[in-house]
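Asker: Keeping the supplied structure of chain X fixed, place chains F, V and E upon it in accordance with the hints.
Taken in order, these protein sequences are the chains called X, F, V and E.
With my numbering, letter number 247 in the first sequence gets 345, and the count goes up by one each step, no holes.
With my numbering, letter number 5 in the second sequence gets 103, and the count goes up by one each step, no holes.
With my numbering, letter number 129 in the third sequence gets 227, and the count goes up by one each step, no holes.
With my numbering, letter number 190 in the fourth sequence gets 288, and the count goes up by one each step, no holes.
By construction, these hints were calculated from the structure, which means they are not laboratory data.
The model shown is predicted, which means the values in this text are computed figures rather than measured ones.
Any given hint might turn out to be false.
Identical copies go unnamed one by one, so any copy, or any two together, can satisfy a pair.
[As the list claims (entries may be wrong)] Calculated pairs, SDA-like style, for lysine to any residue (alpha carbon to alpha carbon, straight line, at most 25 Å):
1) Lys196 x Leu115
2) Lys149 x Val357
3) Lys318 x Arg386
4) Lys359 x Thr348
5) Lys318 x Asp335
6) Lys350 x Thr110
7) Lys359 x Ile345
8) Lys196 x Trp186
9) Lys318 x Met280
10) Lys196 x Arg294
11) Lys359 x His349
12) Lys257 x Asp233
13) Lys196 x Glu239
14) Lys359 x Arg373
15) Lys196 x Glu169
16) Lys196 x His206
17) Lys359 x Leu213
18) Lys318 x Ile345
19) Lys350 x Arg386
20) Lys359 x His313
21) Lys359 x Arg346
22) Lys350 x Ile382
Number of protein chains: 4
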Amino acid sequence: MSTDPSSVDVPTEAVVLVSSPDRPGIVARLTATLDEVGGNILEASQYTDIKGRTFLQRVHVSWPSLNPEPEEVHDALQELADQFQMDWRIHWGHARRKVAVFVSREDHCLHDLLLLQRDGSLQCQISLIISNHPDLEQVAERFDVPFHHVEVDESGDSKSESRQLSLLEANDIDLVVLAKYMRVLSPVFVERYPGRIINIHHSFLPAFAGGRPYHQAHEKGVKLIGATAHYATAELDAGPIIEQGVIRVTHKDSVADMVRKGRDIERTVLARAVRWHLEDRVVIHAGRAVVFA
Amino acid sequence: MSTDPSSVDVPTEAVVLVSSPDRPGIVARLTATLDEVGGNILEASQYTDIKGRTFLQRVHVSWPSLNPEPEEVHDALQELADQFQMDWRIHWGHARRKVAVFVSREDHCLHDLLLLQRDGSLQCQISLIISNHPDLEQVAERFDVPFHHVEVDESGDSKSESRQLSLLEANDIDLVVLAKYMRVLSPVFVERYPGRIINIHHSFLPAFAGGRPYHQAHEKGVKLIGATAHYATAELDAGPIIEQGVIRVTHKDSVADMVRKGRDIERTVLARAVRWHLEDRVVIHAGRAVVFA
Amino acid sequence: MSTDPSSVDVPTEAVVLVSSPDRPGIVARLTATLDEVGGNILEASQYTDIKGRTFLQRVHVSWPSLNPEPEEVHDALQELADQFQMDWRIHWGHARRKVAVFVSREDHCLHDLLLLQRDGSLQCQISLIISNHPDLEQVAERFDVPFHHVEVDESGDSKSESRQLSLLEANDIDLVVLAKYMRVLSPVFVERYPGRIINIHHSFLPAFAGGRPYHQAHEKGVKLIGATAHYATAELDAGPIIEQGVIRVTHKDSVADMVRKGRDIERTVLARAVRWHLEDRVVIHAGRAVVFA
Amino acid sequence: MSTDPSSVDVPTEAVVLVSSPDRPGIVARLTATLDEVGGNILEASQYTDIKGRTFLQRVHVSWPSLNPEPEEVHDALQELADQFQMDWRIHWGHARRKVAVFVSREDHCLHDLLLLQRDGSLQCQISLIISNHPDLEQVAERFDVPFHHVEVDESGDSKSESRQLSLLEANDIDLVVLAKYMRVLSPVFVERYPGRIINIHHSFLPAFAGGRPYHQAHEKGVKLIGATAHYATAELDAGPIIEQGVIRVTHKDSVADMVRKGRDIERTVLARAVRWHLEDRVVIHAGRAVVFA
Numbered sequence: 099m100s101t102d103p104s105s106v107d108v109p110t111e112a113v114v115l116v117s118s119p120d121r122p123g124i125v126a127r128l129t130a131t132l133d134e135v136g137g138n139i140l141e142a143s144q145y146t147d148i149k150g151r152t153f154l155q156r157v158h159v160s161w162p163s164l165n166p167e168p169e170e171v172h173d174a175l176q177e178l179a180d181q182f183q184m185d186w187r188i189h190w191g192h193a194r195r196k197v198a199v200f201v202s203r204e205d206h207c208l209h210d211l212l213l214l215q216r217d218g219s220l221q222c223q224i225s226l227i228i229s230n231h232p233d234l235e236q237v238a239e240r241f242d243v244p245f246h247h248v249e250v251d252e253s254g255d256s257k258s259e260s261r262q263l264s265l266l267e268a269n270d271i272d273l274v275v276l277a278k279y280m281r282v283l284s285p286v287f288v289e290r291y292p293g294r295i296i297n298i299h300h301s302f303l304p305a306f307a308g309g310r311p312y313h314q315a316h317e318k319g320v321k322l323i324g325a326t327a328h329y330a331t332a333e334l335d336a337g338p339i340i341e342q343g344v345i346r347v348t349h350k351d352s353v354a355d356m357v358r359k360g361r362d363i364e365r366t367v368l369a370r371a372v373r374w375h376l377e378d379r380v381v382i383h384a385g386r387a388v389v390f391a
Numbered sequence: 099m100s101t102d103p104s105s106v107d108v109p110t111e112a113v114v115l116v117s118s119p120d121r122p123g124i125v126a127r128l129t130a131t132l133d134e135v136g137g138n139i140l141e142a143s144q145y146t147d148i149k150g151r152t153f154l155q156r157v158h159v160s161w162p163s164l165n166p167e168p169e170e171v172h173d174a175l176q177e178l179a180d181q182f183q184m185d186w187r188i189h190w191g192h193a194r195r196k197v198a199v200f201v202s203r204e205d206h207c208l209h210d211l212l213l214l215q216r217d218g219s220l221q222c223q224i225s226l227i228i229s230n231h232p233d234l235e236q237v238a239e240r241f242d243v244p245f246h247h248v249e250v251d252e253s254g255d256s257k258s259e260s261r262q263l264s265l266l267e268a269n270d271i272d273l274v275v276l277a278k279y280m281r282v283l284s285p286v287f288v289e290r291y292p293g294r295i296i297n298i299h300h301s302f303l304p305a306f307a308g309g310r311p312y313h314q315a316h317e318k319g320v321k322l323i324g325a326t327a328h329y330a331t332a333e334l335d336a337g338p339i340i341e342q343g344v345i346r347v348t349h350k351d352s353v354a355d356m357v358r359k360g361r362d363i364e365r366t367v368l369a370r371a372v373r374w375h376l377e378d379r380v381v382i383h384a385g386r387a388v389v390f391a
Numbered sequence: 099m100s101t102d103p104s105s106v107d108v109p110t111e112a113v114v115l116v117s118s119p120d121r122p123g124i125v126a127r128l129t130a131t132l133d134e135v136g137g138n139i140l141e142a143s144q145y146t147d148i149k150g151r152t153f154l155q156r157v158h159v160s161w162p163s164l165n166p167e168p169e170e171v172h173d174a175l176q177e178l179a180d181q182f183q184m185d186w187r188i189h190w191g192h193a194r195r196k197v198a199v200f201v202s203r204e205d206h207c208l209h210d211l212l213l214l215q216r217d218g219s220l221q222c223q224i225s226l227i228i229s230n231h232p233d234l235e236q237v238a239e240r241f242d243v244p245f246h247h248v249e250v251d252e253s254g255d256s257k258s259e260s261r262q263l264s265l266l267e268a269n270d271i272d273l274v275v276l277a278k279y280m281r282v283l284s285p286v287f288v289e290r291y292p293g294r295i296i297n298i299h300h301s302f303l304p305a306f307a308g309g310r311p312y313h314q315a316h317e318k319g320v321k322l323i324g325a326t327a328h329y330a331t332a333e334l335d336a337g338p339i340i341e342q343g344v345i346r347v348t349h350k351d352s353v354a355d356m357v358r359k360g361r362d363i364e365r366t367v368l369a370r371a372v373r374w375h376l377e378d379r380v381v382i383h384a385g386r387a388v389v390f391a
Numbered sequence: 099m100s101t102d103p104s105s106v107d108v109p110t111e112a113v114v115l116v117s118s119p120d121r122p123g124i125v126a127r128l129t130a131t132l133d134e135v136g137g138n139i140l141e142a143s144q145y146t147d148i149k150g151r152t153f154l155q156r157v158h159v160s161w162p163s164l165n166p167e168p169e170e171v172h173d174a175l176q177e178l179a180d181q182f183q184m185d186w187r188i189h190w191g192h193a194r195r196k197v198a199v200f201v202s203r204e205d206h207c208l209h210d211l212l213l214l215q216r217d218g219s220l221q222c223q224i225s226l227i228i229s230n231h232p233d234l235e236q237v238a239e240r241f242d243v244p245f246h247h248v249e250v251d252e253s254g255d256s257k258s259e260s261r262q263l264s265l266l267e268a269n270d271i272d273l274v275v276l277a278k279y280m281r282v283l284s285p286v287f288v289e290r291y292p293g294r295i296i297n298i299h300h301s302f303l304p305a306f307a308g309g310r311p312y313h314q315a316h317e318k319g320v321k322l323i324g325a326t327a328h329y330a331t332a333e334l335d336a337g338p339i340i341e342q343g344v345i346r347v348t349h350k351d352s353v354a355d356m357v358r359k360g361r362d363i364e365r366t367v368l369a370r371a372v373r374w375h376l377e378d379r380v381v382i383h384a385g386r387a388v389v390f391a
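Chain X extracted, bound-state conformation:
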């Protein structure tokens, strides 16, 4: 599951993500292998799911003396993989992922992603913005990002999704960010980008899944409201949770106040989740997101 190493030019850093059945010696063998191909380990994080007997590791490697031969690295890792039934992928540091942002009318999350990308905090290229409303075209223009208005019926709409999918493919999109996109994507769509669609839900999931979470929260009289960034899966609002945050509310806060307060949490939680994804810090395992933050 590696990205094609042949296209690599001057790599000096890479992140290797590995999962395998937990067997003694695996850490030692993996680090030895990376050492043999000239890599120096900058940071390594492990997680062993004892019940699931699975071993997960993220290794951040650099090649301090001379450039790596991507093919050699690839072969060495594959050899280890065959031996340990290891699943692995490598992401070379210079390869910027292409990101599409889906929005509706609210722009606080979009603005944050654009500003963070511009100042270098998000290592990616925001290649296009897709919206079911024309409202945010101006924002896209200011940041010189192509904007596509694709109308979508409430009832779900395979024609719109076809149009969206064509745009994603034509632009070689690697990650889709649903930044307050108020339409539901079909299971078919979602399964085309498994583990590569990040959604921000404006509640502390699993509380208040579904529509109008701030209305539900107000009705219920909760004292904290939250936001949840998660991978989209076929089941609505139930995918692996990457990050969550909360903010305090009181009986004085109307639904409108909660919406306003919620915005700060939504955008920071989403931005953090996107950054971790782009830095290959998130691994989905047994339906949960393991975050090597």
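Answerer: Okay, now just chains F, V and E, sitting in the frame of chain X:
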């Protein structure tokens, strides 16, 4: 709904809680009334439920020059109440409420309540501890609080509840605190103490209502776990929320780790809710707890 | 200290802020006075500084039946003021304050203020942006706000300040927000706008006052970094604190990481402080900011 | 700097802490070495101080198949240490550290430590409690921990310190926890237990170092108060910070309220720091505490 003023000896402070249909002038009239009976307002908080057209107020009054005549205060407030369809109650500062704490086996919440009461942070008298297990008798003894072991069937058990209710009545209990009491009280029991039973639920309600919330949270892979202090109502885990708190967890945390981390949140959230209740800062309105914190 | 009521057109709401020596009966008299001039109290908050024997109150009033006569309101409050040695001011709801934002090169706080003002979360008019660098002119243009580049020497520079002050006066500026403005204003400048200059300091004051707070924090190995919004006073970084926030850091965070993490706190803390100021929720008393949030 | 392996009986787990000049290949070599002596790596954390060119690692190892030969492990690590100029220590899982708790009059931190140790959350033995007041003797008795009242002059007092040091030595104490001990220890005392005295300071250091921090915080009008757990060093309140926490306060909070609110933060922050120390998660490096949490 006032406490009997005739038993009052040397009162110098009181809290008045008022709710009424929202009508212009009510604040002015209430403050004027308290002024006329010699009271000086130390702190006043209002909340107007605009949709429900209801006005709620908490007034903390002192009698700086001479002692109030409780009967006169009572009559003045009742006169106003008749005029404004106002619901009211007064709690004189010197009257300590009697509290019963229900526990099972875990003692972190119980310990906190006992320590806080002893150092003066909780203005009450903890009159008895009731448990379905004998384990915590020693803790009760150390703090010289009577301990009653009342066995309770899993299936619910009206005989045990009768026994518990007798104990509450015999001790003139004003507030029941369920401090990690792992049995469900029947609707009949709960309705005997409306707005006077505070429960700590070890999750961020409404997420993970019901049993084994940390197991549910772990299964779901959430990134924050929480605790909720709420008034018990006939519907399980659905009563008005007084206070909530959260703490960060990661994929590394086992269920046991979550239980441990959760304890700190449970006890602080419960202690805060109990203190606010004892200071008459909580009013239940339209199924929600308004907290004048 | 009221704003001129004669210019008021169709006022229906106002906020009255009052401070006076604490005397029994003051709450009752103030609410009675507002009642007499037709006002209905929507929200009232008090604070009594017992040591300083001072009483502070914020009252949010509406005129539900007929429009108030501002002059009548003014006279009634002044009469009370004479009697109780009361200091007071009123701010009519329709009167939007004019705000100048000072920036240098970083735009995260500026962006937030502009977005919040545009979506109605900040009740004000951002009339101009002043910077010691030309970099953010484009941002100003996008939001149609006049931008003024005023160069400033490191050494302090009375000519630049004269130019800035002229701009503020010409635009009838009511509030100055220092949104990551990296120059120090002279005491003379600051004293021209007492209690009307809000600064965001990128540390948890009083820790790390002065320059390069993130470097200091990193050096010290703190586990939380913060931001502080405060009124500017002649003494650098020592004015009344309006709001503070923190975020967790670890040994892994470089100074650059702290700068990035700090941005989220800086902008939310500053935005909250500005909003509270614009809603007349902040009163400076005995060198501290009392916030009726 | 290992603990004596000869005393080890049935070890199955250990934590190895390593620091060395950063050299490529060190991770690979360390993991290979542990593999060779039969160890399986459960968790490994690295930190590379790039400016200081230092590499730090914590490895949690188990011996799943057969018991390790401590001497063999020791020798293997020492051989590596000689080669890489590596500083190292190992702590075998079964070896409980002996802890002395110093207190004065407040018992909230002490209670927490005792309760956590009793329920297994703190892997240690609390061997003795030393106080400059007799007040908490009863608490010690309840938990069957020897209590020593050692009077201490305000002016510092070498005779008292001699007495305290004798007690520590006689009880083979490994870690000293200052759990609201309101006396200053001399540099001589502190240097006898370098990196082995943990203090809780009731403020968000470096703000409000020194005495009466809540008074300082109140005076200053801060909106958050905090607590800091740090290693004691010869310089007062300036040692490496292990953990910090904050809680929100308002203008309504008196110094007494801050003291009360601060207690919850003090005890949780201290308990967390002590737990991390006991799990060998803290390494002091360049004056800062690196926490592998």
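Asker: Checking an output row: Lys318 and Ile345, CA cutoff 25 Å. Within, between, both or neither?
Answerer: For Lys318 and Ile345, the Cα distance is within 25 Å both inside one copy (16 Å) and across copies (21 Å).
Asker: What label fits Lys350 with Thr110 when the C-alpha limit is 25 Å: within, between, both, or neither?
Answerer: Answer is between: at 21 Å across copies they meet the 25 Å cutoff, but 54 Å inside does not.
Asker: With identical chains, the pair Lys359 and Arg373 could be close in the same copy or across copies; at 25 Å between alpha carbons, which is it: within, between, both, or neither?
Answerer: For Lys359 and Arg373, both the intra-copy (22 Å) and inter-copy (12 Å) Cα distances are at most 25 Å.
Asker: Reference check for the pair Lys359 and His313, CA-CA at most 25 Å: within, between, both, or neither?
Answerer: within (13 Å within a copy, 30 Å between copies)
Asker: Have a look at Lys196 and Arg294 and pick one of within, between, both or neither, based on CA distance no larger than 25 Å.
Answerer: Intra 11 Å, inter 45 Å, cutoff 25 Å: intra-copy only.
Asker: Treating 25 Å as the Cα threshold, decide for Lys318 and Arg386: within, between, both or neither.
Answerer: Between copies, since 7 Å is at most 25 Å while 28 Å is not.
Asker: With 25 Å as the alpha-carbon cut-off, assign the pair Lys149 and Val357 to within, between, both or neither.
Answerer: between (40 Å within a copy, 18 Å between copies)
Asker: If the cut is 25 Å between Cα atoms, do Lys350 and Arg386 qualify within a copy, between copies, both or neither?
Answerer: between (36 Å within a copy, 12 Å between copies)
Asker: With identical chains treated as interchangeable, where does the CA-CA distance between Lys196 and Leu115 reach 25 Å or less: within a copy, between copies, both, or neither?
Answerer: within (20 Å within a copy, 40 Å between copies)
Asker: At 25 Å max between alpha carbons, let me know whether Lys196 reaches Glu169 within a copy, between copies, both or neither.
Answerer: within (23 Å within a copy, 54 Å between copies)
Asker: Can you tell me if Lys196 and Trp186 fall within 25 Å by alpha carbon in one copy, between copies, both or neither?
Answerer: within (21 Å within a copy, 44 Å between copies)
Asker: With 25 Å as the alpha-carbon cut-off, assign the pair Lys196 and Glu239 to within, between, both or neither.
Answerer: Within one copy, since 18 Å is at most 25 Å while 29 Å is not.
When the structure is compared with the earlier hints, no violation turns up for any of them.
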